[in-house]
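Novice: The lines below spell out each chain.
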Amino acid sequence: MYNYAEYEVKRDKDKCVLCGRCIKECSNLVHYYKETENGKILLADDVKCVNCHRCVEYCPTRAIKIVKSDLTFKENKSWSAQNIKEIMKQSASGGVLLSSMGNPEDFPVYFDKIVVNASQVTNPPIDPLREPMETRVSLGKRTREISRDEKGNIITDVPPRLKLSMPIMFSAMSYGSISYNAHKCLAEASERLGIYYNTGEGGLHEDFYRYGKNTIVQVASGRFGVYKDYLEAGAAIEIKMGQGAKPGIGGHLPGAKITADVSRTRMIPVGTDAISPAPHHDIYSIEDLRQLVCSLKEATENKKPVIVKVAAVHNIAAIASGIARSGADIIAIDGFRGGTGAAPTRIRDNVGIPIELALAAVDKRLREEGIRDNVSIVAGGAIRNSADVVKAIALGADAVYIATSALIALGCHLCRSCQQGKCNWGIATQIPELVNRLNVEEGADRLCNLLTAWNNEIKEMMGGMGINSVEALKGNRLMLRGIGLNEKELEVLGILHAGE
Amino acid sequence: MNIEAKNKSYTEINAAIADSDDVLVSGCNGQRFIGAGTGGKKIEILGIPGNALGAYLNGSEITVKGNAQDAVGDTMNDGKIVVYGGVGDAVGYAMRGGSVYVKGNAGYRAGIHMKEYRDKKPVIVIGGTAGSFLGEYQAGGIIIVLGIGVKGEIVGDFCGTGMHGGKMLLRTNVPPKDLPEQVKCVKATVDDVKEISGYVKEFCRLFGQDEKEITDSDFYLLTPNSASPYKRLYVMN
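From first to last, the protein sequence lines stand for chains D and A.
Using numbering that gives the first Met the number 0, you'd call the opening residue of the first sequence number 0 and step up by one each time.
Using numbering that gives the first Met the number 0, you'd call the opening residue of the second sequence number 0 and step up by one each time.
Misleading hints may appear alongside valid ones.
Just a sample of chain A residues kept apart from chain D, beta carbon distances all over 10 angstroms, derived [to be verified]: (1) D20; (2) R31; (3) N66; (4) D69; (5) D73; (6) G127; (7) V173; (8) V185; (9) A187; (10) S196; (11) R204; (12) K211; (13) D217; (14) V234.
To spell it out: a stretch of chain D is covered by chain A in this simulated footprint if at least three of its residues, at any positions, have a beta carbon under 8 angstroms from a beta carbon of chain A; those stretches are [as the list claims (entries may be wrong)]: (15) 6-20; (16) 83-94; (17) 273-284.
Everything labelled a hint here was simulated from the structure, so no lab data went into it.
Ideal Cβ placement from N, Cα and C applies to all residues, glycine included.
When you get a sec, could you build the whole thing from the sequences and use the hints?
Specialist: See below:
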């Protein structure tokens, strides 16, 4: 029997007024009253606690704190508590371990080993407070040649593009994996900010068609909710081939989460499993991918750019080269720290590569092959702050996708229990009482605040480098230096070591 | 309107289709995506259309007087596709509504991940045989394989893997071999066959077959035994 508590609920008895607010707030049923000879007391079942801080933040007398349990196994380097506990869980259930959010393992975070340049003496830094800084970007195929009509006028008929006010978009999270309110926050914030959010593979709720010009609609292997109106509703169409948190495997939304509303959006009956097969069974090659890209363009009159999203894996540069020749306009690459609502633990923790290395490799390969202008590159997979955005762009990205950061802005405390569907913050759940906890207006405000702040920080960092537009920062590896990286790592990243 | 497809790209053919509600495409020779996403059109094709014929079809009727290639009716939402020949792989992939009638044989992965939704119940009727992986991940709708003129097995390997909705009716004395655990295979009752009689009738009307001869044969009925086949697979970590 598995009953080890990872966290302990500490209740300050002097402060607690036994109001029971913690009981009401906790969907995991941690807190409960007990009658004793001396009256009612409040207790907690620590085993059920996921450390989401809902009770901590809503306790009116601030009487609660959650601490990591100091109960330890007799651990050693190979037999960590995690390894021991997982064996206990699996031997009790026979189940495949299911986790959520991105790879938490101790792999290097290259963004943290890269530093950014600044201008000193030889060229002046730019003050973004007094000089214009351009953070608008446009994504899609670039025409390499200027062509003119008979009268000599330049033909401005370029392939469809996405126009962003800053090089940041919200990456795919389906309605089903996150709540209606969470989706609405993302849609609302995208409209206000002039960027895009992404439906994920769960279809588009009828209420959100009005945000179409700020929406990227996704087509994944299950093709849930994909039909003419849906394809036409968005500003771009994303073909999901893979996801950083679970490269090579499909998705599986259990029947229990297919509520009436989710069923309408996915266009499947209530209560049946929504299974997304690992491959698209009409895509077994780059030629087949080209077929899907072209059929989507044909069905939408060539008015929308097509994004192909892949997980960062070993041969990512060659894969991206194929995609850049498939007719796609944008490649989205998702690193192994990218989040998820649910993924098998072993896949999440052991499959895929860091986005920094994948991005640098892809940008380099496409440049070498002379096809970099065929596509824009969007990088995702744990972009945590504006410095990560700046570094990603300097490594070759046109823009980034964020999701975990956006969820934290909405109230997520990163307890990483999405797979249980009982999110106390109303984000990764379909339980109406919990969903209602997420205030849409407030959530959208917070997202706007976050990205406005990041945009200002990007301007400041660029100004410091003496660069006044994202376009000039793109692929500008001279602005980066590595610290404590070995020669191979520097070679793949295409940057010099600090001091060089 | 009559479009001579020779030397025309699919874009040109589809542009012509967009301009007319009733189109005859003659001399078709492998052009892809014909009729993709359209609704309310009547499209007749002489020759062989290329891959993804009628992809995302939204209500149009397409008739092919010849064979068709891969991914006919991919992610089709509504409408009807009739093929007076055989079709390639992945016919009706992720199809949600409408019907596909194929006179001859179908390739691999026919009806894969077909699903249904409310009043939408997609149907694929295959006159001859179907290749391996028929109805893989089937989540809804009906797949009918008639095996006309075929002795022995009428479907390939791995039939119904991952099936979790809908049903298949196979006109054969030989049930598919090695069916996965979650697929239930029984001899169809008279009522089971009666339920698909409308589709069989339409098939016979289209392709000049004898309805009674077809319905008076043995059918096997394949259904999933769980709408949630993978529920027990996981443990929360």
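Novice: Run every hint past the structure and note whether it holds.
Specialist: Evaluated hints:
no.: 1; hint: D20; result: holds, 17 angstroms
no.: 2; hint: R31; result: violated, 7 angstroms
no.: 3; hint: N66; result: holds, 18 angstroms
no.: 4; hint: D69; result: violated, 7 angstroms
no.: 5; hint: D73; result: violated, 6 angstroms
no.: 6; hint: G127; result: holds, 21 angstroms
no.: 7; hint: V173; result: holds, 26 angstroms
no.: 8; hint: V185; result: holds, 21 angstroms
no.: 9; hint: A187; result: holds, 23 angstroms
no.: 10; hint: S196; result: holds, 24 angstroms
no.: 11; hint: R204; result: holds, 28 angstroms
no.: 12; hint: K211; result: holds, 34 angstroms
no.: 13; hint: D217; result: holds, 30 angstroms
no.: 14; hint: V234; result: violated, 3 angstroms
no.: 15; hint: 6-20; result: violated (count 0)
no.: 16; hint: 83-94; result: holds (count 7)
no.: 17; hint: 273-284; result: holds (count 4)
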